[in-house]
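S.K.: Quick mapping for you: the protein sequence lines, in order, are chains Z and L. Be aware that the first sequence starts at 576, since it is given in my numbering, and climbs by one per residue. Be aware that the second sequence starts at 12, since it is given in my numbering, and climbs by one per residue.
These are calculated hints, taken from the structure and not from any lab test. It should be emphasised that the depicted structure is a prediction, and the values quoted were computed from it without experimental measurement. Mixed in with the good hints, there may be bad ones.
[Stated by the list, open to error] Simulated crosslink set (SDA-like; lysine to any residue; CA at most 20 angstroms straight-line): (1) L:K82 to Z:G853; (2) Z:K607 to Z:M812; (3) Z:K1024 to L:R104; (4) Z:K1024 to L:Q129; (5) L:K163 to L:L32; (6) L:K82 to L:G167; (7) Z:K915 to Z:P796; (8) L:K63 to Z:W743; (9) L:K82 to Z:D856; (10) L:K84 to Z:E643; (11) L:K82 to Z:V860; (12) L:K82 to Z:Q861; (13) Z:K1024 to L:S88; (14) Z:K814 to Z:H602.
These are the residues of each chain, in order.
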Amino acid sequence: MSRLAKIGEWFDQRLQLGSTIRETMAHPVPRKSASWFYVFGSAALTVFILQIFTGIMLALIYVPSAGEAWNSLQYLNHGVTLGWFLRGVHGWGSNFMVAIVLIHMVQVAMFGAYKFPRELTWIIGVFLLLMTLGMAFTGQVLRFDQDAYWGLGIGAAICGRVPFVGAWVVHLLLGGPIIAGDTLSRFFAIHVFVIPGLLIGLVSLHLLMVLKLGINDWPMPGRLVRRATYVQEYHEMTKKDGVPFVPEAVWKDMFFSAFIIVCVMACAAFFGPYGPSGQPDPTIVQTVPKPDYFFQWLYALLAYLPPEMETPALLIGPVVIIGFLVCLPFFAGEGEKSWKRRPIAVVTILLTAVALGTLTHLAGYTPWSPIMNAWSGDPVPVQYLNGRSPLERQGAAVFQGKQCRNCHSIGGSGGLRGPDLDSVAVRMTHDQLVRQVLQGGGNMPAYGKNLNPAEVAALVSFLDTLHPANQLPARDAAQEDASPRQ
Amino acid sequence: MSDQEKSGMSRRDLMAKIGMLLNGAAVVILATPVIGYLLAPIVRGDGGRYRKWIDLGELDEFPEGQTRLAKYKNPISNPWDGETDNIPCWVRRVEGEKFQVFAINCAHLGCPVRWFPQSSLFMCPCHGGVYYQDGSRASGPPPRGLFEYPYKVEGGRLMIEAGQLPTLSTSASLRARSNGCQG
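The following block holds chain L by itself, in its conformation from the complex (with noise of 0.2 angstroms):
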């Protein structure tokens, strides 16, 4: 028995492992850029960054006690987005410069709202969810009210903090607010 069996490693043996060990620890070198590059849509919008203010237009274009579709243009976008990163939301001027700005999507799975000015309902055409005019609750599976922007009166205009699709989970930075009264 020679001395290369009783050790149980060959010098072949040997560099075909060191071998293995070099391409895993390039396999290792090359994940890290590959993983930064697929995280890139949530490292971008760390720290809020994905939200800015955006101006929705004159304060003369919402009449007090109405409710208004308004759309502005995402601010993080790109020329190759078409019609996607135009955003409508609903525009409600309470009295004086007392707004609320609510999200289209629904809370319960993001299907577009529609007004209904007659009754002063928000209605969902998905599965059914109705809020009241202040954007809460009314019946359906909605889990909370629907989302609102947060919103600053500048110079005459109107301005809401927005940017990212709202979610249960990314609408914690919109004002949360309460369920409201649930009939």
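Pulled out of the complex, with its shape left as it was, chain Z reads as follows (with noise of 0.2 angstroms):
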């Protein structure tokens, strides 16, 4: 006997480990389920001990007090050697942690492997899928700059919005009555013990709950879950057309892991860490808050929800999806498992993506936004100007200077909150523009108040003048004496 088999053997004498890692390594597994459509759970667990290793190592530097957090951070970046290396491996482990989660989560929905008896393996799942999104959130709060300021700010506003006991709910989120001091310790101690600990203890019970209920067999149509008869077709099965885990699944399941680092470490390399962007100080209010992009979806939806729907949609809305999820293999947990023959799980799960796929892409470019710096930015256009009388050009300097391009574009640039007036005049005529102006309304602000008579006269004329040429304005077909405009 080897010297080396000895130690193994002195040390197995004392853990009794041996017999159980034998057993995991060879426990059979559907010949069809050792597929590259199985290696989203341990792609998910790689890059969660990627995390814990790399959050170690960010530890070792970062402050994590008020005053010194965005200063540590610094440092980090530029004065620790591979500082920004290690900031960058971890920031987009956690972009690509969410990712890989809603991927795997897909997947077992797709595959209806939360059937029995995986019913609470895949509730845990939900909640790891929480926890992964709290991570988010919190790591978010500790990167402490403006976004993590004003994000603070936001997370506070949604609790506000809880009946009765709101104001205690944003001070135990806060920690006291301001974002300070207080609120990133608290969101430290959140973000490096109180959920990775959970997440440690409940990734092992959902990793234990696999390898003793074992891997969800290929859907095939037509073979259907009954609870009286699945487990013991599923152990037919394996033994019959079963492949020992170790090596014929285990090394698809390695080498995406290998490739998913390798991904997490090139984004790194190339993009480098995230921010921090300016520092938290919120008497700079020039700024644009904006979320990291797995609760920009949200973001969107904030924006659009109309105001009396948005408290109920905060406040239920989550209820109801964490409370639809975990009870999901209740009403659903037998029957067909293939997503052949599962058209609403499928167009469910469609239309979810395609949602949140919509929503995040409306959240690169917030059309909902005023673009603050559009009125002294971006110049009207110059053949809005050549060959007009001096009251229209008036209308124009005025255009720009009540800040209305900062919502309205014309010639391409400008806001994006109210339409473009291009072609304004010729979807409304000078009576209509001129009360529109005045009294607002269809979401813009009256400007009665801010603009003198010669100021809307002027204003107005320049609209009058935003038609394509080869189409009239718009004419008030009651005024007897209706001479188009120019």
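Grab the two chains, each in its own frame, and use the hints to assemble them into the complex.
M.R.: Spelled out as structure tokens, the structure:
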């Protein structure tokens, strides 16, 4: 016996783990389940381990103090050898972890893996997803910059919408009356101790259940799950047509995990770490806060919900969604597993994906927000000024000076909050324009008090000129002498 | 069959149960101070103790008819808060000693609103909330006008009562204002 084997035996005599490990390695998995579709769970675990490792590395330097956190991040980026890279790996790792956990969940849902007897595995998985998102949010807070500060403000504003106990919830979230030192300290504790601890525990349980219950069999149309017979059928299948987990299935897991780690490192090396952006100083109001990408769909949704829907959607929506996910295996715990025979599941997943994707895309250019510097930054196109009367040109100056451009684009630049005005004269008559400017409406502020009559006359005469050359402006048919405006 | 088996509980069983009971009692006794500790942020602010009167500066710093950014240090703060306890607010001097002091936080989701004197509007960069110069909602998703701090003028200085992040709940202590003209 070699020396190495002897040492191994010495340990195993005391640890008594060898047989368990050998059993786990050799446990049979259905031949078709040793597939590239089954690699996302192990990849999520790999990225989680990567996050723990890089997180500990960052904690060697990071100072969880509202006064010093931002400076310590600058030091990590610029003062510590390869500190920027480790921050990059941790930041990109979080992106990959959210993405892989979501893909894993979609795969599990599509393959019916949440059905009997794996209901609890799924439910724990739902909570693992929530904790992953919790890590993403708290991690964004620890990057204590302007986005973190105002992100906390948004979190507090959402908590403030809770009826009756809103003020208590806000003060609990912030650890005090305002976003300050106590806030960062508690988010540090949650990000570094509370959620990771829960994650380690629940991931272990999740994994143990996969081993004990066996990996989901490849769904076949027409092979129905029945509580009475499933377990026996599964064991017969793995006995007859199973392959040992090691090495038949595990090599794919290992390839994919390695590929993901390389991807995370490549992103970190090419794109670098996230921020930090400006200092967390609330008196710097020239800022456009935005959440990290995994919460941008929510950011977009909050711009589009009607005001009266917002509080119910924010407070009841999560309960409904989480409730639905938790209850899913109870009302769909048996029957078809194959996505080919579960059209509602497929359509639900597709619609959710399209909705989240669309909202995230919209958050990329925030058409609902005024562009704060469009009025001073974007020039009026020359063709809108050439050959115009002095009054009309004065109107263009009013148009810029009164920040109309922040919400209305002309010539392809400016805000997208209101309609673009390149052909507004075709849509509205002179009188309608005057009324719209003075009284506002349709989500536009009224400018009656901010413009004197001369400014209104100039502005509307400028707007009257905004129509395509080959299209007549709108005219009031009720006016007898309705000669077309130029 | 012995007496013990008849009664269904051995002496050891009883001791184990008492042991569990003792541990349960210990947990409850330990939990009480822990819960008190965790609820400290609520208890500390009970009865409006998070709000104090703060000096914003001389009246002359705020010209009549203008709206200006003012900054104050939050009355409840710690040395390790860094810059986070410097809180901005918009001060509008309507005329004489008539003021409006608005919180920086949009009533929608708390982002910092910016004042545009040319169009006399506050605009929010997050979701496009817009307010008139008197703080009433002009357009966008906010459910109400801007949060307003109570103010008073003392010895030629402008004082406001402030101290906590205004939200739809924590604003209850701040003077609620009507929605105003919604356009």
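S.K.: Hey, K82 of chain L versus D856 of chain Z, does the alpha-carbon distance stay inside 20 angstroms?
M.R.: This hinted pair holds, its Cα atoms lying about 11 angstroms apart.
S.K.: Quickly compare the C-alpha distance for K82 of chain L and G853 of chain Z to 20 angstroms and report which way the hint goes.
M.R.: holds, 18 angstroms
S.K.: Compare the distance between the alpha carbons of K1024 of chain Z and Q129 of chain L with 20 angstroms, and conclude whether the hinted pair is satisfied.
M.R.: Given that 20 angstroms is the threshold and the Cα spacing comes to 12 angstroms, the pair holds.
S.K.: Would you mind confirming whether the straight-line C-alpha gap from K82 of chain L to Q861 of chain Z stays at or under 20 angstroms?
M.R.: holds, 15 angstroms
S.K.: Decide if the proposed pair is consistent with the structure: K84 of chain L and E643 of chain Z, CA atoms, cutoff 20 angstroms inclusive.
M.R.: Judged against 20 angstroms, a Cα distance of about 18 angstroms means the pair holds.
S.K.: Please verify whether K63 of chain L and W743 of chain Z have alpha carbons no more than 20 angstroms apart.
M.R.: holds, 19 angstroms
S.K.: What's the verdict on K1024 of chain Z and S88 of chain L, does the C-alpha distance respect the 20 angstroms limit or exceed it?
M.R.: violated, 41 angstroms
S.K.: Under the criterion that the straight-line Cα-Cα distance not exceed 20 angstroms, is the pair K82 of chain L, G167 of chain L satisfied?
M.R.: Distance of about 18 angstroms is within 20 angstroms: holds.
S.K.: Taking only the CA atoms, is the gap from K814 of chain Z to H602 of chain Z under or equal to 20 angstroms?
M.R.: holds, 10 angstroms
S.K.: K163 of chain L and L32 of chain L were given as a pair; does the straight-line alpha-carbon distance stay at or below 20 angstroms?
M.R.: Answer violated: K163 of chain L to L32 of chain L is near 59 angstroms, above 20 angstroms.
S.K.: Just to be careful, I want the Cα atoms of K915 of chain Z and P796 of chain Z compared with a cutoff of 20 angstroms; is the pair within it?
M.R.: Holds. K915 of chain Z to P796 of chain Z sits at ~7 angstroms (cutoff 20 angstroms).
S.K.: Take a quick look at whether K82 of chain L and V860 of chain Z sit within 20 angstroms of each other, Cα to Cα.
M.R.: holds, 11 angstroms
Violation of the numbered hints given earlier is confined to hints 5 and 13; the remaining hints are satisfied by the structure.
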